[in-house]
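Colleague: Kindly generate the complete structure, drawing on both the sequences and the hints.
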Amino acid sequence: MATYKAPLEDMRFVLNDVFKADQLWASMPATAEVTRDLSDAILEEAGKMTEGLLFPLNRNGDEQGCTWNDGEVTTPDGFKDAFKTFAENGWSAFSGNPEFGGQGMPKSLAVLFEEMMHSACSSFALYPALTSGACLAIDAHASQELKEQYLPKLYSGEWSGTMCLTEPHSGTDLGILRTKAEPNDDGSFNITGTKIFITGGEHDMTSNHIHLVLAKLPDAPAGSKGISLFLVPKFLPDADNNAGEGNGATCGSIEHKMGIKGSATCVMNFDDAKGWIIGEPNQGLACMFTMMNYERLSIGLQGLGLGEVSYQSAVDYARERLQGRSATGAKNPNGPADPIIVHGDVRRMLMNMRAINEGGRALAAYVGMQLDTAKFSEDADAKKKAEDRVALLTPVAKAFFTDRGLDTTITGQQVFGGHGYIREWGMEQFVRDCRISQIYEGTNGIQALDLAGRKVARNGGKSVDAFLADAQAWVEENSGNGQLAAISSELQAALALLKDATHELLSQAGNNPDAISAAAVEYLDLFGYVLYAWLWAQMLAATDGRDDDFAKAKRITCQYYFQRILPKAHALYAQIKSGADTMMGLDGELF
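Residue numbers for the sequence shown follow numbering that gives the first Met the number 0, so the first one is 0 and each next one is one higher.
It is worth saying that the hints were derived from the structure and are not from the lab. Be a bit skeptical, because a hint or two may be false.
What the hints assert, rightly or not - In silico lysine-lysine, DSS-like type, Cα no more than 30 Å apart, as pairs:
| id | residue 1 | residue 2 |
| --- | --- | --- |
| 1 | Lys374 | Lys224 |
| 2 | Lys461 | Lys382 |
| 3 | Lys330 | Lys384 |
| 4 | Lys383 | Lys273 |
| 5 | Lys567 | Lys551 |
| 6 | Lys383 | Lys498 |
| 7 | Lys179 | Lys146 |
| 8 | Lys83 | Lys224 |
| 9 | Lys330 | Lys551 |
| 10 | Lys383 | Lys224 |
| 11 | Lys19 | Lys551 |
| 12 | Lys179 | Lys273 |
Modeller: Shown next, in the form of structure tokens:
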């Protein structure tokens, strides 16, 4: 059966030993009170909560799913009570602005908490994740009056939030959306239109749902430059700021999905629903992207979290399942066969899973620290540098986490053999739940286009050059670390490969308009493998002076990554160098 225990030792290692996050927090007044002892205690409690409260919901959430009846959505048994406990213990306010009742915890700590939630019950995790994202957009762009009215209720878990972008005819191309916003004399707007694929658009766990809706004003410019963002509650707040009369925001149906069945994916109808603008007119996408950059990282963590629980379950099974004998002699001589963990192919699968998961955890913490610096630092140069790094790495994190996450959940299913295909063992659910993470919050193909086009080609590769300069500086600063000798040449070659691939991409883009779209996915994957190599080197360096089992396992896994996984980057470079001509050469009628 599926098993999960929060990987607290590895999380503390990454946060404390590799990145020394407490030093960053201490340098910024907004996070100065977050000490190592406090972060360790929070992770401990988060582990208990996700293991004890959320993981037991996962199987039934998938079996039972959500139900829709006349506009009302009921979540699976246990979800409502669990959410109440979750909110009462302050988890829904974790990263919120303290001015309005949030706890103000840093993102570098929150990413580890989010990973735990997605491992334990990804369907449940999506509800607070969307609320957290809505809070970010409101806090960053809404008026003081809207913040005071809505943020305390959202942080307390009394109300929940959504983001409403997609329409039946408009997904990635938001410039053609049709939802309208008509101004009223009192400063509000009447919102009319239909949105689809709205996570948590309707459910029974909170008394009100606060929708952030993209819509167009009557005089809006055409395309994406004419989109505004509006706050639209399901129920209008009454004089005591409690949910009052209905507001023309209703759920028309829920989707019947491949996975995440405990998460309500809704069709939302807005019929002259009253809303209030967030930010400036026609600047809605900029406001929404404040939320979406965090959400894209969070969805990446869905891939990482599901990969972790799949790995843990596969390891437990591999230690217990008896099949065949070890190639080097019986390891269980008193039993009818050896456990399958003795076999090379099973070891290959487990090591692949482990190396990818641990590399991903390091990337999550690293990006979280960049987000903390961008949000809280009082050093203008550090803040700008962190903002640029977040912009560069967000599409990599979202797509690479989720692509590798699906690989990992499928591998975990494979370890179980035929039992992995059977529902009772739980492994096929992880595959189904992970699959959506490659699609929503911008498909991974769109993430690759964002990276290759906007983040690399548009500025001539300067953002990648800045990353490579930092990576090289780290290598030079740690040249005396004895642990790095084993992987030093491979790391230098990997960094050089990313530089060459970037130059190749820019060269092709200058000559062929199709070059970016043809090479984008391979370029993102190459970037991801090289990025993990740099992070693995940092983890390896942090084991220097240690001789315990944890450090030994970390060193072996690092060596495995460099020997068996990183070489994939060279094949990806060959694909990039092949150019776009063959890909684009076949006439559409010949497919």
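Colleague: Please go over all the hints and tell whether each is borne out by the structure.
Modeller: Taking the hints in turn, this is what the structure says about them:
For the given pair, Lys374 sits about 26 Å from Lys224 by alpha-carbon distance, which is consistent with the 30 Å threshold. Among the hinted pairs, Lys461 with Lys382 is consistent with the structure: their alpha-carbon atoms are about 17 Å apart, no more than 30 Å. About 53 Å separates the Cα atoms of Lys330 and Lys384, which puts this hinted pair outside 30 Å; it is violated. Note on Lys383 and Lys273: the hinted pairing is violated, with a Cα-Cα distance of about 37 Å set against a maximum of 30 Å.
Restraint check for Lys567 and Lys551: the C-alpha separation of about 25 Å stays at or below 30 Å, so the hint holds. With a C-alpha separation of about 23 Å, the suggested pairing of Lys383 with Lys498 holds against the 30 Å cut-off. Of the supplied pair hints, the one linking Lys179 and Lys146 holds, its CA atoms being roughly 24 Å apart against a limit of 30 Å. Pair hint Lys83 plus Lys224 does not hold up; C-alpha atoms about 40 Å apart against a cutoff of 30 Å.
Distance hint between Lys330 and Lys551 is fulfilled; the C-alpha atoms sit about 22 Å from each other, no more than 30 Å. Between Lys383 and Lys224 the alpha-carbon distance is near 25 Å, which keeps this suggested pair within the 30 Å criterion. With a C-alpha separation of about 21 Å, the suggested pairing of Lys19 with Lys551 holds against the 30 Å cut-off. Of the pairs offered as hints, the one joining Lys179 and Lys273 holds, with about 12 Å between alpha carbons and a cut-off of 30 Å not exceeded.
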